[in-house]
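Peer 1: Just so you know, the protein sequences line up as chains X and P, in that order.
Counting along the first sequence from 1, when you hit position 6 you're at 6 in the numbering used here, and nothing is skipped either side.
Counting along the second sequence from 1, when you hit position 159 you're at 460 in the numbering used here, and nothing is skipped either side.
FYI, nobody ran anything at the bench for these hints, they're computed from the structure.
All clues stand as given, with none of them false.
Just a few of them, taken from the derived set where beta-carbon distance is under 8 angstroms, the chain X residues facing chain P:
1) ALA69
2) SER70
3) ARG148
4) GLY239
5) ASN240
6) TYR264
C-beta atoms are modelled at their ideal positions from N, C-alpha and C, and glycine is treated no differently.
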Amino acid sequence: MNLREFIDQKGYRHNPRRLMEDIIHMVFLILGLVAVGSVLVITVYLVISGLPAIFRIGPVEFLFGTRWASTAAEPEFGILPFILTSIYGTAGAIIIGVPIGFFAAVYLAKMAPKKVRDAMELCIGVLAGIPSVVYGLVGMTILVPGIRILFGVPDGATLLAAIIVLAVMILPSVINVSLTSLQAVPREYEEASLALGATDIETYFRVTVPAAKSGIFTAIVLGIGRAIGEAMAIMMVAGNVANMPSIFKSVRFLTTAVASEMSYSSGLQREALFSIALVLFLFIMIINAILNVLKTGGERR
Amino acid sequence: MKRILMITLIAALAATVAFAGGSKEETATVSTDGSTSMEQVILSLAEQYMTDNPNVNVTYNPTGSGTGITAALEGRCDIGLSSRALKDSEVESGLAETIVALDGIAIIVNPENTISDLSIEQISGLFTGAVSNWSEIGGPDAPVVPIGREAGSGTRDGFESITDTEDACAYSQELTSTGAVITAVSQNPGAIGYASLASNLEDVKVVTVEGVAPSEDTVKSGDYRIQRPFVFATLAETPLSDAAQAFFDYCVSSDAASIIAGAGAVPVAD
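Just chain X, with the same shape it has in the complex:
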């Protein structure tokens, strides 16, 4: 089909506005594809550059090896310490951060006087906007020496320091998402409960919170996503030694393993760093999938 036939078929000759419509449609389609394209390119690139090293090292040795010595005379590439550190670190941040965030959200949504609420929401907004390198800097100069003195350990750059920094970092997203879902609970639910003689606190925790359950789960999963993907702040406080994780040991996360060695890496070491990135990517994909299930589950109700 040549151009003339195409133009005739579409009727552009008699209807220039339709041509305009179609062109704009195309432009928006292309702009929309930029996002999709980025995801595809990143996924394909990560798989292509990450898989070969995994097979060269051996999938079992790579995923379950406990020693990482990438530049040793006989290099070893076991990333189990990184995987476990990422899981422990994230779990720790959730254990500390979620209760704080959750109760703060309940307070803000239901009990706080308006002035207090406005002030606190402003602070949470600021907390969300602080760049992660600033968290790292403050952690490095206050938290790390603090842990050393408080717990009497030789060095404060430990998993504990990273957990505390991550817990603070996930607070804004946990609070904001929980807050929104708590506020979305219909007033009638609470009024019914109060009318039956329940106290305020009973109403909030027996009625409002269960009704906002899916939103609160979403908040937790978002927090997990934020915590597992953070690199800069924890690189500055965790010490970055490839130890098996323990609360008072210097540890290296999946993210920091990639970030700390990338600049000078070469050969198999560099390829293995891409493989670590691939593993991290899979983790985040799984978290996103869980998030989607939660969201659609929440909508269906």
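Dock chain P against the given chain X, drawing on the hints supplied.
Peer 2: Below, chain P alone, put in the same frame as chain X:
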């Protein structure tokens, strides 16, 4: 107002495109390949040289000393960069070494630490964990906290090869920059670390090694032991291209000395 802004933006874009074309003169390329520790030195030299000789393009491929030496041997680059002296086997296979600069690595401890001199043996003991408390070597009663650089760092590689602690260091922290090492050491009374001599060492205490304080003079004379050479490896038999030879001559000349010093190394030419 919006229109003016738009026009300015478009003009700026157009200017970028126009200038991006650049000059189209014949350019000669000098390729260097190797040590990542020499990055600052070689890039400063290249920058100055390319400013003085606009028709020459000096490239640098940061691969590591071993790779750089191999590349020079196989003729894949003009000049191989190595931050260690060539081995006998490498010289026998037809390479010539020219030392362009020396790099001193300072051993730093917390200012509160009373230790002011260490032997190489003590340093390796402190870093491998054989010495776990400073009191064992006459210092205060504080646990030793060795702080180093990440795997692949040139400073780490240099330090570990000189103190013979390769793959044996029991680091408490592996940080990704000299600045981070200095900050960490300045905050922990038991910490010991290493940093390039050229860095800002105000917040920490620099110890003497076997009685010698690190300085440009002691590194140059060889009295300060924790140092390594920055080497240009070239083919001994095959002459360099004219452009490469000119760059080589520039780097070993006294003109380059201030640039090398500015990049944090100790120049050997006077």
